[in-house]
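Chain residues, written in single-letter form:
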Amino acid sequence: DAKTTQPNSMESNEEEPVHLPCNHSTISGTDYIHWYRQLPSQGPEYVIHGLTSNVNNRMASLAIAEDRKSSTLILHRATLRDAAVYYCILASGGSNYKLTFGKGTLLTVNP
Amino acid sequence: DTAVSQTPKYLVTQMGNDKSIKCEQNLGHDTMYWYKQDSKKFLKIMFSYNNKELIINETVPNRFSPKSPDKAHLNLHINSLELGDSAVYFCASSPHHRGQREQYFGPGTRLTVT
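The listed protein sequences derive, respectively, from chains A and B. Heads up, the first sequence is in the numbering used here, so the first residue is 1 and it goes up one at a time. Heads up, the second sequence is in the numbering used here, so the first residue is 1 and it goes up one at a time.
Pulled out of the complex, with its shape left as it was, chain B reads as follows (with noise of 0.2 Å):
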């Protein structure tokens, strides 16, 4: 069994577009993230929640929403999409939000803004 799985793992859209992104965990944990690496290849978080509720929100743009309807999923709403959104979008999880345990990521979403 997948422990964090992500769908889609590709989405090509175009500029303007609305597009959301799925995310679930099933290892029990309390902590979800959704993290951003852009095409230098370089890995930033944009989120947190911690038992649904958003505890780090990194100066990301309000076109992306978060929502956390149970502990399990985590999703990643998009608005406007611009192409500056392209990247690989990482959702992870972790059994909570204190830095002594490690965190779990998933395969990853391509997301391609034409």
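Bound-form chain A, shown alone (with noise of 0.2 Å):
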């Protein structure tokens, strides 16, 4: 399975944007990029993923280098329900599909 990098921890302040980094250089053509979020004493929860195209949705957006080589996860205005531990995940648009979690990033929204 492809590997992702990801900041271990990051702060953002209350009704701020909140910009969430991924790396995934070794990303082949045929893997989506996947966010998924867990907060404390819950099971994970899909946020938005995407193929090369940026991305937006409810909850958040999807932006995508054009070399596919990292992506940037973005909450417009941080709520402290927002807190929690946020995984990117390469998964292969071929078939046996599963989420392969990393430590992911454990984001602290101030009040």
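What the hints contain is simulated information worked out from the structure, not anything from laboratory work. Any given hint could be a false lead.
[Unchecked claim] Far from chain B by the CB rule (all over 10 Å, computed), these chain A residues:
| hint | residue |
| --- | --- |
| 1 | Met-10 |
| 2 | Thr-30 |
| 3 | Asp-82 |
| 4 | Ser-92 |
| 5 | Thr-100 |
[Said to hold, decoys possible] Pairs of lysine to aspartate or glutamate residues, derived as EDC-like cross-links and limited to a Cα-Cα distance of at most 20 Å, are as follows:
| hint | chain 1 | residue 1 | chain 2 | residue 2 |
| --- | --- | --- | --- | --- |
| 6 | B | Lys-44 | A | Glu-16 |
| 7 | A | Lys-3 | B | Asp-70 |
| 8 | B | Lys-40 | A | Glu-45 |
| 9 | B | Lys-22 | B | Asp-70 |
Note that the Cβ used here is the ideal one computed from N, Cα and C, for glycine as well.
Join the two chains into one complex using the hints; note that each chain is given alone, in its own frame.
Laid out in structure tokens, this is it:
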């Protein structure tokens, strides 16, 4: 499985934008970039995913570099409820799809 | 309505016992998964079923036996429980078994083996 690299932790202030980076230099052409988050004592929650183009949904935006070797998850206005571990994961577009979780980035949101 | 549900939420049992965890999804998805999150918080895939057929088995001990009676259910039976089986087990589902789509996770079952 292709590997991703994320900072161990980041801090943000409430109502400010947050940019969570992810490097994935060994990404293959069929790998989708997925982002999940896990709030304390809860199951992982899907945030967003994409292949080549930038993506927006109600939770966040995903900016994908042109060479696809890195991506950034953007939370436009952080709230206290966004404090979680954020995982950047590469998932093959082929069969036998699975999510391989790394350590993720622990996001702390200050009031 | 809960999309992916698991029972029980907590399970405390002794070494050597056999226990089962149940998972149900009402999303109409074809593919279901079991993940294990250990005490160090690492999440690892254990099994994946697509339309009741096993498609991923990540070298899990054969004491763990998943069973999918239909595509909405994926149960996990564990024989001869060991201390190292203590973890949080998450069930998940996705529309199909390709990475173009997202996975939805259940709330988890915290298993404690004493």
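Taking only the CA atoms, is the gap from Lys-3 (chain A) to Asp-70 (chain B) under or equal to 20 Å? The hint is violated at about 34 Å.
Since Asp-82 (chain A) was said not to touch the interface, does its Cβ keep a gap of more than 10 Å from each Cβ of chain B? 18 Å, holds
Run the C-beta distances from Thr-100 (chain A) to all of chain B and say if the shortest one exceeds 10 Å. Violated, because the least Cβ-Cβ distance between Thr-100 (chain A) and chain B comes to about 7 Å, which does not exceed 10 Å.
Given pair status - Glu-16 (chain A), Lys-44 (chain B), alpha carbons within 20 Å: It is violated: about 33 Å lies between the C-alpha atoms, which goes past 20 Å.
Beyond 10 Å from chain B, beta-carbon-wise, is Met-10 (chain A)? About 17 Å separates Met-10 (chain A) from the closest Cβ of chain B, which puts it past 10 Å; holds.
Satisfaction of hint between Asp-70 (chain B) and Lys-22 (chain B), Cα-Cα up to 20 Å: Holds, at about 12 Å.
With d taken as the least Cβ-Cβ distance between Thr-30 (chain A) and chain B, does d exceed 10 Å? 8 Å, violated
Evaluate the condition: distance from the CB of Ser-92 (chain A) to the nearest CB of chain B exceeds 10 Å. The claim is violated: Ser-92 (chain A) sits with its nearest Cβ about 5 Å from chain B, within 10 Å.
Are the Cα atoms of Lys-40 (chain B) and Glu-45 (chain A) separated by 20 Å or less? Holds, at about 19 Å.
Taken one by one, the earlier hints fail for this structure at numbers 2, 4, 5, 6, 7, listed in ascending order.
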